[in-house]
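Peer 1: Chains A and B supply the protein sequences, listed in that same order.
Mapping of the first sequence onto the numbering used here: residues 1 to 472, in sequence order.
Mapping of the second sequence onto the numbering used here: residues 1001 to 1115, in sequence order.
Calculated directly from the structure, the hints in this document are not laboratory data.
Hints may contain errors.
Stated by the list, open to error - Some, not all, of what chain B presents toward chain A, calculated at C-beta under 7 Å:
id : residue
1  : 1098
2  : 1108
3  : 1111
4  : 1112
To be verified - Quick list of the computed label-pair ranges, beta carbon to beta carbon:
id : chain 1 : residue 1 : chain 2 : residue 2 : range
5  : B       : 1103      : A       : 177       : 47 to 57 Å
6  : A       : 353       : B       : 1047      : 31 to 41 Å
7  : A       : 273       : B       : 1047      : 29 to 39 Å
8  : B       : 1087      : A       : 105       : 33 to 43 Å
9  : B       : 1096      : A       : 401       : 22 to 32 Å
10 : B       : 1062      : A       : 287       : 39 to 49 Å
11 : B       : 1075      : A       : 158       : 34 to 44 Å
12 : A       : 61        : B       : 1078      : 31 to 41 Å
13 : B       : 1112      : A       : 353       : 23 to 33 Å
14 : A       : 265       : B       : 1075      : 33 to 43 Å
15 : B       : 1005      : A       : 71        : 35 to 45 Å
Using N, Cα and C, we set each Cβ at its ideal position, and we do this for glycine too.
Given next are the chains, with one letter for each unit.
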Amino acid sequence: MNTVSSGEEISLDAVAPELVLALAAVAVLLLGSWLPRRRQYLAGWGALASVVAALILSMARLTGPAELTAAGTFSIDVSLNLVRIAVLAGTAVVILLAGDRFAGDKRESEFYVLLLLAALGTLVLAGASDLLVLGAGYLLASIPLYALAGYAKDSRGTEGMLKYYLMGALFGVLLLFGIALLLGAGGSTSYADLARTLPYAPTGVAAVGLLSVAAGLLFKAGAVPAHFWVPDAIDGTTGPAAAFISTIPKVGALVALFRISSLAGLPPGWPLILALLAAATMTLGNLAAFFQDRVLRLLAYSTISQVGYLLMIVAAAGHSTLARPSLLFYLLAYTVTNLGVFAVVCAFPDHRTLNDYTGLFRRHRWLSLSLIISLLGLIGTPPTAVFVGKLTAFTAALDAGLGWLVILALANSVASVFYYLRWIHRLFQAPPASTSGTTTAAARTWGGRTAVALAILSLALGLSTNPLLRLL
Amino acid sequence: MEFGVALILLVVALAITLGVYGLSALVRVVRKPLNTEPFLSGMPVLEHAVSRYHVRWYTVSIIFLAFDMEMVFMYPWVLVVGRIGAGAVVEMFAFLAVLVAAVIYAWREGAFRWS
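Given these sequences and hints, build the entire structure.
Peer 2: See below:
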């Protein structure tokens, strides 16, 4: 990227999607303060309209030239544009899911405000090309999510929120500490300057600083040394919040980690450290998911293992030309597929365990079919989008000389078939006669519709891979 | 011995501290601690020093942060606003408007209700 133009002033035109989100968050907060409770849904529609407007604005800039703005601290390029699309579309889906769940709730409009702010923070994380902006983005993407995790104010939610918050505070401090160390070692917080100065900096200080910054991003992504909060926060919170927490922040964090990992002049062992973290993440997530009976807990561990595959691409950063398109495509595919599964979970808020899904195929044919497509997608079955993501990820890792990691990832993918199929198997079992009366809950409308739409989208993405990959 | 001077200083500081304690142990008359009330600017002490206080103070202190942050960013702004001109004024007031929105939200939520 030698042709990047850099302006000192913030170009309002270039950051228009972020600006729309920020203004909408303030407007919806004030709107929600004056709306009577039965009209709070207007706040939801307002939030949805702003997200769609931001999505259209980012679509319009999709093929624009890469540029740096705000004195070189924020880069607008293909990576950020794709993250914008994934994050904004994902946020729109979560707003629809939340409309089902929280209509008429005491704090309905606050839920949307927190969603908008967390999405904005994720975009800042993904676009940051300066460590201080990265730190600000981390805080903006984290703090609204702590409140979302404990939104229901029940004991499970509070426990999950407290774990999430304490881990977030710890890793946030580590991130800031790492920024200070890198500033000391490299003499600047800007990525462009660090790429020049880090090769001459003391290796030990630079390595510790880099590792600390990565620790904060691994927390946002839910990868192994920082994954303890994931199962409790996701299992404890409400369906829409779980869908958001397990999908959206990971997109921003992984792109931010990729940006840092593709800097020139990093310590030579850096790809190996990332590869080891990827191996630990995918293996641990898979092993822990095997015998989970609670649906959200199973999905939480499944997201950990997916982050492992994504980290594999980050480890290949700078060693393979396929790495960046592969990461972006996988993130888009993961967002669509994972939200597809969570949309089904949100459509049946009373189904907390796998046993509750027994015999669902007889009652809700279309919903079960879209759940099956999304679950097979998470495994990486051929016609779906995640299959292409995994394939390009494995190719990128092979290019970077990480053959052992590819073999481990393949073994993990095969093993993951077990727990996804356990869930699919339940759908076709005959429901037990005694409880058939209690489990015939009607599906929530928006949850069902979005689930079907997302399953179709994941198939369509998988089938239209080539034009999309050429764009990235 | 880069830190030799610091080590000598540490030893001197410890020696003086222990010396003062030893001196007071030698010359004191009674071995009973003197009980005094905590100092409250001359006011009589009505409650325990670690007594609990109302949860409302936490929301008040968070609202205080909104004004505090305003001032933190205004001090450097004052130094450059004359040079940069109208653009800086607009930016600062946009920032203030966002903070005021937060205060208005807190007001609607009843954070200023004292009863």
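Peer 1: Decide, hint by hint, whether the structure agrees.
Peer 2: Hints versus structure:
1. 1098: Since chain A brings a Cβ to about 6 Å from residue 1098(B), closer than 7 Å, the hint holds.
2. 1108: holds (4 Å)
3. 1111: violated (12 Å)
4. 1112: Constraint on residue 1112(B) not satisfied, violated at 14 Å.
5. 1103(B) <-> 177(A): 47 to 57 Å: violated (32 Å)
6. 353(A) <-> 1047(B): 31 to 41 Å: Once the Cβ atoms are compared, 51 Å apart, the range 31 to 41 Å for residue 1047(B) and residue 353(A) is violated.
7. 273(A) <-> 1047(B): 29 to 39 Å: The hinted range 29 to 39 Å is violated for residue 273(A) and residue 1047(B), with Cβ atoms some 54 Å apart.
8. 1087(B) <-> 105(A): 33 to 43 Å: holds (42 Å)
9. 1096(B) <-> 401(A): 22 to 32 Å: Violated - the Cβ-Cβ distance for residue 1096(B) and residue 401(A), about 54 Å, lies outside 22 to 32 Å.
10. 1062(B) <-> 287(A): 39 to 49 Å: holds (42 Å)
11. 1075(B) <-> 158(A): 34 to 44 Å: Taking Cβ atoms as reference, residue 1075(B) and residue 158(A) lie about 39 Å apart, which means the hint holds.
12. 61(A) <-> 1078(B): 31 to 41 Å: holds (36 Å)
13. 1112(B) <-> 353(A): 23 to 33 Å: The hinted range 23 to 33 Å is violated for residue 1112(B) and residue 353(A), with Cβ atoms some 45 Å apart.
14. 265(A) <-> 1075(B): 33 to 43 Å: Hint holds: Cβ distance 37 Å, inside 33 to 43 Å.
15. 1005(B) <-> 71(A): 35 to 45 Å: Since the Cβ atoms of residue 1005(B) and residue 71(A) sit about 43 Å apart, the hinted range of 35 to 45 Å holds.
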